[in-house]
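Protein chains: 2
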Amino acid sequence: MAADASAIHAEIVAIGAELLTPFKQDTNSLFLTEELNLLGVKVAFKDVVGDDRTHLTNVARVAVERSGIIIFMGGLGPTEDDLTRECVADALGIEVHPDPEIITELYKRFASRRIVMPENNARQAHVLDGAKVLANSRGTAPGQWLDTRFNGEPRYIMLLPGPPHELKPMFMEQCVPRLREALPEAHFARRVLKLAMLGESYVDSIAAPIYNKRTEVQTTILASAAEVQLHLTSSAASRQEAQCRVDSLADELDAAFGPSIFSTEGEPLEEIVGLYLGMRGMTVSVAESCTGGMIGERLTAVPGSSRWFMGGAIVYSNQMKVTLAGVSAKLIEQFGAVSDSVARALAEGIRARCGTHIGIGVTGIAGPAGGSAEKPVGLVYVAVADERGTEVMERQFLGDRQRVRLGASQQALDMVRRRLLA
Amino acid sequence: MAADASAIHAEIVAIGAELLTPFKQDTNSLFLTEELNLLGVKVAFKDVVGDDRTHLTNVARVAVERSGIIIFMGGLGPTEDDLTRECVADALGIEVHPDPEIITELYKRFASRRIVMPENNARQAHVLDGAKVLANSRGTAPGQWLDTRFNGEPRYIMLLPGPPHELKPMFMEQCVPRLREALPEAHFARRVLKLAMLGESYVDSIAAPIYNKRTEVQTTILASAAEVQLHLTSSAASRQEAQCRVDSLADELDAAFGPSIFSTEGEPLEEIVGLYLGMRGMTVSVAESCTGGMIGERLTAVPGSSRWFMGGAIVYSNQMKVTLAGVSAKLIEQFGAVSDSVARALAEGIRARCGTHIGIGVTGIAGPAGGSAEKPVGLVYVAVADERGTEVMERQFLGDRQRVRLGASQQALDMVRRRLLA
Chain A
1 MAADASAIHA EIVAIGAELL TPFKQDTNSL FLTEELNLLG VKVAFKDVVG DDRTHLTNVA
61 RVAVERSGII IFMGGLGPTE DDLTRECVAD ALGIEVHPDP EIITELYKRF ASRRIVMPEN
121 NARQAHVLDG AKVLANSRGT APGQWLDTRF NGEPRYIMLL PGPPHELKPM FMEQCVPRLR
181 EALPEAHFAR RVLKLAMLGE SYVDSIAAPI YNKRTEVQTT ILASAAEVQL HLTSSAASRQ
241 EAQCRVDSLA DELDAAFGPS IFSTEGEPLE EIVGLYLGMR GMTVSVAESC TGGMIGERLT
301 AVPGSSRWFM GGAIVYSNQM KVTLAGVSAK LIEQFGAVSD SVARALAEGI RARCGTHIGI
361 GVTGIAGPAG GSAEKPVGLV YVAVADERGT EVMERQFLGD RQRVRLGASQ QALDMVRRRL
421 LA
Chain B
423 MAADASAIHA EIVAIGAELL TPFKQDTNSL FLTEELNLLG VKVAFKDVVG DDRTHLTNVA
483 RVAVERSGII IFMGGLGPTE DDLTRECVAD ALGIEVHPDP EIITELYKRF ASRRIVMPEN
543 NARQAHVLDG AKVLANSRGT APGQWLDTRF NGEPRYIMLL PGPPHELKPM FMEQCVPRLR
603 EALPEAHFAR RVLKLAMLGE SYVDSIAAPI YNKRTEVQTT ILASAAEVQL HLTSSAASRQ
663 EAQCRVDSLA DELDAAFGPS IFSTEGEPLE EIVGLYLGMR GMTVSVAESC TGGMIGERLT
723 AVPGSSRWFM GGAIVYSNQM KVTLAGVSAK LIEQFGAVSD SVARALAEGI RARCGTHIGI
783 GVTGIAGPAG GSAEKPVGLV YVAVADERGT EVMERQFLGD RQRVRLGASQ QALDMVRRRL
843 LA
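Residue numbers (my numbering), protein chains in the order written: chain A, 1 to 422; chain B, 423 to 844.
Just so you know, the hints here were simulated from the structure itself, not pulled from any lab data. Think of the CB as a built atom: it goes at the ideal place given N, C-alpha and C, for glycine as much as any other residue. Careful, some of the hints might be misleading.
Heads up, simulated DSS-like pairs for lysine-lysine below, C-alpha to C-alpha not over 27 Å straight-line [unchecked claim]:
1) B:Lys446 <-> B:Lys635
2) B:Lys590 <-> A:Lys24
3) A:Lys24 <-> B:Lys635
What follows is a set of in silico ranges between Cβ atoms, one per label pair, in the way DEER data are often shown [as the list claims (entries may be wrong)]:
4) A:Glu185 <-> B:Gln818: 44 to 50 Å
5) A:Arg113 <-> B:Glu687: 36 to 42 Å
6) A:Pro118 <-> B:Ser646: 50 to 56 Å
7) A:Glu252 <-> B:Gly688: 47 to 53 Å
8) A:Ala329 <-> B:Asp822: 40 to 46 Å
9) A:Gly258 <-> B:Ser627: 45 to 51 Å
10) A:Arg113 <-> B:Asp822: 25 to 31 Å
11) B:Ile516 <-> A:Gly258: 27 to 33 Å
Reference listing, derived: stretches of chain B covered by chain A, where coverage requires no fewer than 3 residues with Cβ under 8 Å from a Cβ of chain A [to be verified]:
12) 465 to 472
13) 641 to 654
All chains, please: the whole structure from these sequences, using the hints.
Below is the structure:
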């Protein structure tokens, strides 16, 4: 019988000493959350715990008490530190048993390499009583799926390997179908709208009156450097109904913001710019000072970008602005390297030199040094030139060097996008 | 009386519905872990929970049972969703009381804006019985510090605001001194060694026999694209002793790996390259095909890079290789754009055109398309030219487009570094 999904929530447990250092963070849980949401399941708890028998058993016990779907990640290898199997069994009050098929497989693998199997490796063959073994096509440690009950309530328990390239296919191919069968039909749908060069509070002041009327859709606002994202999710009995709800709200928001929304399916700005350029059969080149290659790097991160991105110049020094982008040394002397005029000359110069339809020029003060009262850190000029003329924008960005540079690259790409829309 | 730090571990609890979505991750815990480690405290558990009274009280109860130092982050605002104060009190079996000073402060703030304070705001003045209020210099929600006992054992409990720019100064200025006083003298020291262009298992095969003999230092290996990091940490009664231990192991590893170690204090490769260039008064330029600006972007991410980075060309199309870097069209026709000869011509051409001491040339196939049997995806040629001549390396990188590009940029920077060492 299918469980009541509205009552069932998920808990994700990441296991490994390295995840408790300042250097490493679990990222699998973001992927798993997205996939669980699409099955209509919310994640209520996430835990990180090290390779410590007492601590891990404690976490497993707490999870089994409170959550219907529990995903344990990591700790399935052959070493003494790999305790997940034993600790989960302890928490459930069940035993593990050696699985003959896994043992045969392990012996075969070692024999083929003419090595005697180290004793420890037999640990990998320990399977929770009642569990199904999940084959690992990308690594050695198999996973496990256990469909059981605890205090009379259903428990769906998964033991998955930690490396993302092993965990993801195992979860998609062997856990999602089992969960879909176990849970009632309930589906999430999602849309991600993205806006460039607007503040979070401004976006919310326009969006909130619209999304607050649509309580059947959950709306989350996220802001990063020069980008605001509106995440719309809804759950319903059918995929179609959920999709219809988020699409309808997305359409309403799209109408309210107009061209400020650059993406309605979550695509990054550089991909949208590439899409528009490709559709129009147009090409672009860059002359980058303070961004130092970031715009080129972002555009060439898009597969197939060679169709519409030709290249350009990194004009960090004044001499390079002259040599590589054809800016006159006099102009730089007269107005300064960070000026409306030099940005314009960079865009027009690189467009002419590269023979592209569009040229981008960027110059600014990324900081932390180099600012003055007249030209403070964060001041950036961005120019876009095409056959119809050249547009220059002056912007004053806040934040550290990387934020200023990200903002400048975002401004440049957004200007190209709007130019292509017009 | 100071508690026994060896027996006390920390637990970090992040609170907020957005941290249970696929889009947002707690990052404060990495900062807190680093600072706690420096006080001699290990983090044993990390939890994420939403704004749900039952769930949050459950997490708080479990944490209070098992951990001596507990840091709760978030949920301290004025809304109905801000439940941290009440749930932690419930878990400890204590009450909250309104703090007259906070209330006065709130009334003042609203009065100065000529607004009647909404009822809800009084929640922010709720303080756990026995707790000290931690002033918030960057926001409105004050934090709390509670030094108490649970089942006869010491408990140091902190309630901190979620936004990093509020949490960090509050923790550093108001919690670290209190923890230092409460805990016995025990200090961590840390060194981070970084190696480029070597595999993780190769590095470990050399490093393990060395660090396994030094059990007083904990060594962790982390691998990312074209970089392996060795993190050495040690705790001792004095900062000096801990430092001495990690320094001694770092020296031994440094001797074993020689010039393969590019950084012994955690600096990124581009910063080391910039340091060497600056010391020698030398300059560099780039001609980037498959990396599309990434090397320039990395070099200009270093503050002050204008002293040694002049600029260069992004030569994505063949025509740009000719126009901007002076490569002969015949050479491209003869050997193909992805070839030893073209990489060499790019490095030498851009060096001549930019008048720099060193020129970098990169050409390759980043994928996913564009590969062939003869020249597969991931094939990259990297050239470095200076007055002594030109060196070219052929590399075959694995992985997706971004990994190939990162590997190529890392190879280029590492070749420049080794050239400057010689």
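Do the hints match the structure? See the list:
1. B:Lys446 <-> B:Lys635: 40 Å, violated
2. B:Lys590 <-> A:Lys24: 19 Å, holds
3. A:Lys24 <-> B:Lys635: Answer holds: lysine 24 of chain A to lysine 635 of chain B is near 25 Å, not above 27 Å.
4. A:Glu185 <-> B:Gln818: 44 to 50 Å: 48 Å, holds
5. A:Arg113 <-> B:Glu687: 36 to 42 Å: 40 Å, holds
6. A:Pro118 <-> B:Ser646: 50 to 56 Å: Given range 50 to 56 Å: violated, Cβ gap about 29 Å.
7. A:Glu252 <-> B:Gly688: 47 to 53 Å: Holds - the Cβ-Cβ distance for glutamate 252 of chain A and glycine 688 of chain B, about 48 Å, lies within 47 to 53 Å.
8. A:Ala329 <-> B:Asp822: 40 to 46 Å: 43 Å, holds
9. A:Gly258 <-> B:Ser627: 45 to 51 Å: The hint (45 to 51 Å, Cβ to Cβ) is violated, given that glycine 258 of chain A and serine 627 of chain B are roughly 59 Å apart.
10. A:Arg113 <-> B:Asp822: 25 to 31 Å: Once the Cβ atoms are compared, 30 Å apart, the range 25 to 31 Å for aspartate 822 of chain B and arginine 113 of chain A holds.
11. B:Ile516 <-> A:Gly258: 27 to 33 Å: The hinted range 27 to 33 Å is violated for isoleucine 516 of chain B and glycine 258 of chain A, with Cβ atoms some 53 Å apart.
12. 465 to 472: holds (count 8)
13. 641 to 654: Since three or more residues must qualify, the claim that chain A covers the stretch 641 to 654 of chain B holds, with 4 doing so at under 8 Å.
The structure is inconsistent with the numbered hints 1, 6, 9 and 11, although it conforms to all the rest.
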